[in-house]
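Q: Numbers given in my numbering equal positions in the sequence shown, counted from 1, plus 14.
To be clear, the hints were calculated from the coordinates, so they are not data collected in a lab.
Derived DEER-like restraints, expressed as beta-carbon distance ranges:
| # | residue 1 | residue 2 | range |
| --- | --- | --- | --- |
| 1 | 174 | 140 | 27 to 33 Å |
| 2 | 194 | 159 | 16 to 22 Å |
| 3 | 144 | 179 | 34 to 40 Å |
| 4 | 158 | 205 | 38 to 44 Å |
| 5 | 173 | 75 | 19 to 25 Å |
Built from N, CA and C at the ideal position, the CB exists for glycine as well.
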Amino acid sequence: MQIRIISIAISTFVTVAAPVAGAESFYVEGNYNRVQTDSEPLSEFQGDDTEFDAIGFRAGYNFATNLAIEGEFLAGLSDDIYAQLTEDGSPVAARASLETNAGVFVRAGVPVTEKVQAFARVGYATTQFAHTYYADDPDLSTTVTRTNDGPAYGVGATIDISENIYLRTDYTLHDTDEVDTGTLSIGAGLRF
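Build out the structure end to end from the sequences listed, making use of the hints.
A: Structure, rendered in structure tokens:
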């Protein structure tokens, strides 16, 4: 009797898992990102919001048609220039830059049409910012690096261009105590 129950369980698993196995695939993506931070300003001359451009790379694995795990890495392309006051009250030029952003996510999707899929994702990310303060004497210039780690979540959509090529857009919020970072991403991907 136990052999029969085990056989039925294995048969059921193979029957249910077979369609999922066909959906397995690796994918890679390249993307352009617009990153906006909402934080306490570092000086009275810097606004609450700072925006950066970044280029990104993503790689993932589809466990099923609608479930994937993915990792991403972004590198900053632009800086935000502002002024910082010194102890004696004179302004000093300062530069804020997005150094890197990296994260790991679980993504769950639902088909909207045959070629379009909407998805939500949740994970953990780390973002590194650098703030450089320029003094008249180059030896007195200094850079302070700040890293923010925490949960990240977002929504997005893909549209298939062909069987293996697709376009993707998403918005991800990385929420920490010090700074909230919102990233709008637009890119293309390849399944293999």
